[in-house]
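Colleague: Residues per chain are reported as follows:
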Amino acid sequence: MLQSHQLTFSYAPTKRFAFPDIRCNDSEAVLILGKSGTGKTTLLHLLALLLRPENGSVTIDQTDLTQLPPAKTATFRAAHVGIIYQKPHFVSALSVMDNLLLANYLAKNPQDKNRARELAAHLGFAEHLNKKTHQMSQGEQQRVSIARAVMNKPGVILADEPTSSLDDVNCARVVALLREQSEQIGASLIVVTHDQRLKDEFSNQVIL
Amino acid sequence: MNLFKISWANLKDKPLSSFLSGLLMTLGITIISLLLLLNKQLDEQFSRNVKGIDMVLGAKGSPLQLILSSIYQIDSPTGNIPLEDAERLTRNPMIKTAIPLSMGDSYKTFRIVGTNKKYVDHFEATVDQGALFQKDLEVTIGARVAETTGLKLGDTFSGSHGLDGNGEEHGETKYKVVGIFNPSNSVIDQLILTPLSSVWAIHEHHEEHEGEEHEGETHADEDHDHEAEAPREITSMLVKFRNPMGMMVARGINDNSKLLAALPAIEINRLFDLLGIGVDTLRGLAVAIMLIAGISVFVSLYNSLKERKYEMALMLSMGAGRTQLFGMLLLEGLTLSLIGFILGLVFSRIGLLLFSMRAERNFHYSLNNLSILPEEWLVLGVAVLIGIIAAALPALGVYRMNISQTLAEE
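The listed protein sequences derive, respectively, from chains V and E. Numbering of the first sequence is given in the UniProt record's numbering, commencing with residue 1 and proceeding in unit increments. Numbering of the second sequence is given in the UniProt record's numbering, commencing with residue 1 and proceeding in unit increments.
Isolated chain E, as found in the complex (with noise of 0.2 Å):
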């Protein structure tokens, strides 16, 4: 027998309206803990995936739209530039690397981009079995592809067309697997990459291939929109610059050329502040339930009080200290919180599972980083200050309470 068996004995004797203020503490907690979870991970991804990146050249559309593609491979490319003009305006004292990418085929939604070592490198990938790529037609795959599509060193497979996996295949030339990477925890984990030259040979061929069968048609999409001797293409070049006065060049790209330079900062930090008028939103909502399940437990604690005003008067007069009793209440509330604070913790976590799920069907990234956040401690302390507050209001009055007339009322 002790204060905290008494308050659990007490909080298990109105298991509904425990109910209540708990499930609301917990749906409050699990959708501020939720929030922080994906914003932390996202801006993770984010940053991992685009560091030493300060540039991305490519076709003129979307600069966002640039860098989700080029970077994250997430959205589809702008459109095809020519290797030449993107050559000519990389050669600049200003600039450090420039790494060419071509994309546009897939494999089972894994996307097939041609480059070169340089990629690799940048993202400090290290192949695990077999080699890198060399040759025309050779891949090397990453470690989710790998995983996931079961190819092994030495298969052989044809890319399909587009990025979605419904594209028709280019059945007639087969791409070999000659080495798989380490996982690397960046996007190079979900990519299949061939040297930048596979990719001309496969569309050349393939143009050549349906020029015969489909004379005079007219080929909309863009990246068939080379003839046999048009010169060569790519889809982007990312492009690091040697100091931060690489950005004068980025100016004269836009203003100057049929490119389009797009800085993955700048457009990445407007990504987030798009984001951020929603998740702002769902954290007010989320302040806002916790604050109503504060309501919940002053309410039925006030509500309980009112009938166990007898109760108080009676374990006063068996000797209980008007503290003791005020502890025991404000206990009450406390292990409402902290249920709801670690039932929040759990349900988080299950959500962030369901949604990282999801995230890794559709774009191949998995959130998986369960431990907890700095931020969630903060949490906790509000939702015990909720707590103990929403009790201490109506626990109050056991300190007013006159003992012989309560006890002689009834």
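Pulled out of the complex, with its shape left as it was, chain V reads as follows (with noise of 0.2 Å):
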């Protein structure tokens, strides 16, 4: 579970942020919709406490996230949120495979291959394990960090415009598994888009 309250930022004086609370239980999606310009990506990041907020608090599963000594958060963020990006980012020496398992060393879990594979399989890219990130489409990689943010079975999903590199046939099926994944193990998702495409698919709405 996550929950927001009165969080503000400021990147400078003139530029100063303030957002709603945001509240999402385990199993559930909140959609965030917000046009470019609006803070949705630092509120992304202070969701994951990527950025720490100039006031108000994020909780995730009873923890206050804003509490934590900075130490502690990376290790709270490996093991709780999963994050997905915007343009999907990864270790490109490594393969597939290896930047599957990334998840787990960095979080120091178990290295789970066999749930690599089945999530692998669930989403589409099976045959593509040995393969080099950017040697897929941009909707087979978008897939592979969905796979790669619920590696840890985290309680958050955080996707930051998960589709808008996307077109309308992969937008749709990102959005479905991203779903089907946060559902079968629990956890929250929130979503942070301008897509228009995802406002029908999400019935808790947000708008910044």
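Keep in mind the hints are simulated off the structure, nothing from the lab. Don't take every hint at face value.
Below are the DSBU-like pairs computed for lysine-lysine, each with C-alpha atoms no more than 30 Å apart in a straight line [stated by the list, open to error]: (1) E/K96 / E/K117; (2) V/K72 / E/K309; (3) E/K117 / V/K132.
Simulated restraints, written as ranges between beta carbons of each label pair [as the list claims (entries may be wrong)]: (4) E/L393 / V/S92: 46 to 54 Å; (5) E/N303 / V/D200: 42 to 50 Å; (6) V/V169 / E/L396: 39 to 47 Å; (7) E/E409 / V/D200: 29 to 37 Å; (8) E/L373 / V/T75: 32 to 40 Å.
Which chain E residues stay away from chain V? Per the calculated CB distances, all over 12 Å, these [claimed, not checked]: (9) W8; (10) L16; (11) G61; (12) P82; (13) E84; (14) E87; (15) E168; (16) S304; (17) M315; (18) L325; (19) P394; (20) I403.
In this text, a Cβ means the ideal position worked out from N, Cα and C, and glycines have one as well.
Using the hints, build the complex out of the two chains.
Modeller: In structure tokens form, the structure reads like this:
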């Protein structure tokens, strides 16, 4: 479960953001819609504690992230939060399989090859496991980043514009897979986007 | 999946720049290692053969040449001296032993040296098969001579004039092999030893014979410069002093006689000083190459980190510690250093073997101790240091990285 309370952040005195409170229960999904420049990515980074908020709090599974010492936030994030970025980025020197295992390794969890294979089969890139990520199409890469985000079975999945660079077919498929995977592990799914195609897919919506 | 695997994958992912850095490191270490090996082995070879010889007595000329020819058997002799003079000068209470040597002939480029049992005892050589030479024209041959020429006990052969194997043969008189030495790792391995009197016998016979055919011809070569009834001559005498005061004897001989007394310790030091200039230059060059290898590691890592900035931020957001990533980048430099070190060791050994083959062909010396020298661990230390520093400078950027900003940039 994720809950935010009166989050504010400013890059400069003139550029200040105040965000509406967000609440997302386990196995639920929230869509945060906003145009460019409304602080969508900033909000997502605040929720993942990649940025420290000026004020307010972010609570994930009863832990207030803003109260954690900086050294602990990375460990907490690795264990409890899966993030999907706008453009799928990977460690380009590693194979798809190793990129998935990297999520386990960096979170100091046992490296679960079987889970990686299951996810790959389910998300439809099983035949690409030994390839490098840049040899795949955008849609395939985005599906790999979904798999990477759920490798550690996190309580919260944050997706930043996961569909903006995809065509309609891939867009629908990625959203369906995202929802399916987060429901399967009982995670709260939060999608930040300006992509109007997603509007009808989510009942819980927050407009920035 | 672990840090080493990621480092290795990163190195493999940009093979050309990794290859360049590795190559430079390998080259630098190969040169340094080869120099160390050569230096040590030459030093060993030189000091093993010079052990116990305090002075060499011979004809006036270059002292270094006298030492090289009489002790190491690698240069031409300076000329001959009357045995009588040499014996008179060495009949001195300061002198413990004096071993006469007479040379000038060879068999298949192996030198035939006329001497006595004291020479064999000096190098602590022992006879493997047969016996030590006794009578004229009997020879006992060194282990490498036997191995290379295939001479066996009871074989006979005729020596040829000169030391290069192209001289005219002394066809009428034949030497007989009566013994073969055990390998002693000294100069004896590559010599054919015979009594002093054999050399006189061969040349007297030869002189007479030649005299008949080419009457009135002048023999410019010093080996032939004596007449039939001339006093007996030798090439040089190896002298061991009873105590260090013997040095005075050498000065006396050089000042007051027609002969030359050379002190091996001084001449060999001089030789190594001369070689040292070249060795130092090469060593400087090798260190420069290693530094360039470091710069190459630095540049390629710096460039690739600019491309991999997002990767780093990504890994940080996935729970990696900054120190962990810093360590991963250091590993890339360290791996190149270690690869360079191992390949450098291998290549320097190959180089030494090639050099040794040449030295063996030309001088009958072999240098083939391939064990790792203590100084090479120092080279490893320097290589590792260069690799780590070259990687650390760009890798420090990981500590300054703003994760959110980097991730948001693209």
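Colleague: Determine for every hint whether it applies to the structure shown.
Modeller: Hints, one by one, checked against the model:
no.: 1; hint: E/K96 / E/K117; in the structure: holds (15 Å)
no.: 2; hint: V/K72 / E/K309; in the structure: holds (23 Å)
no.: 3; hint: E/K117 / V/K132; in the structure: violated (76 Å)
no.: 4; hint: E/L393 / V/S92: 46 to 54 Å; in the structure: violated (23 Å)
no.: 5; hint: E/N303 / V/D200: 42 to 50 Å; in the structure: holds (46 Å)
no.: 6; hint: V/V169 / E/L396: 39 to 47 Å; in the structure: holds (45 Å)
no.: 7; hint: E/E409 / V/D200: 29 to 37 Å; in the structure: holds (31 Å)
no.: 8; hint: E/L373 / V/T75: 32 to 40 Å; in the structure: violated (47 Å)
no.: 9; hint: W8; in the structure: violated (9 Å)
no.: 10; hint: L16; in the structure: holds (14 Å)
no.: 11; hint: G61; in the structure: holds (67 Å)
no.: 12; hint: P82; in the structure: holds (80 Å)
no.: 13; hint: E84; in the structure: holds (83 Å)
no.: 14; hint: E87; in the structure: holds (80 Å)
no.: 15; hint: E168; in the structure: holds (71 Å)
no.: 16; hint: S304; in the structure: violated (10 Å)
no.: 17; hint: M315; in the structure: violated (6 Å)
no.: 18; hint: L325; in the structure: violated (10 Å)
no.: 19; hint: P394; in the structure: holds (16 Å)
no.: 20; hint: I403; in the structure: violated (5 Å)
Hint violations for this structure: numbers 3, 4, 8, 9, 16, 17, 18, 20, all remaining hints satisfied.
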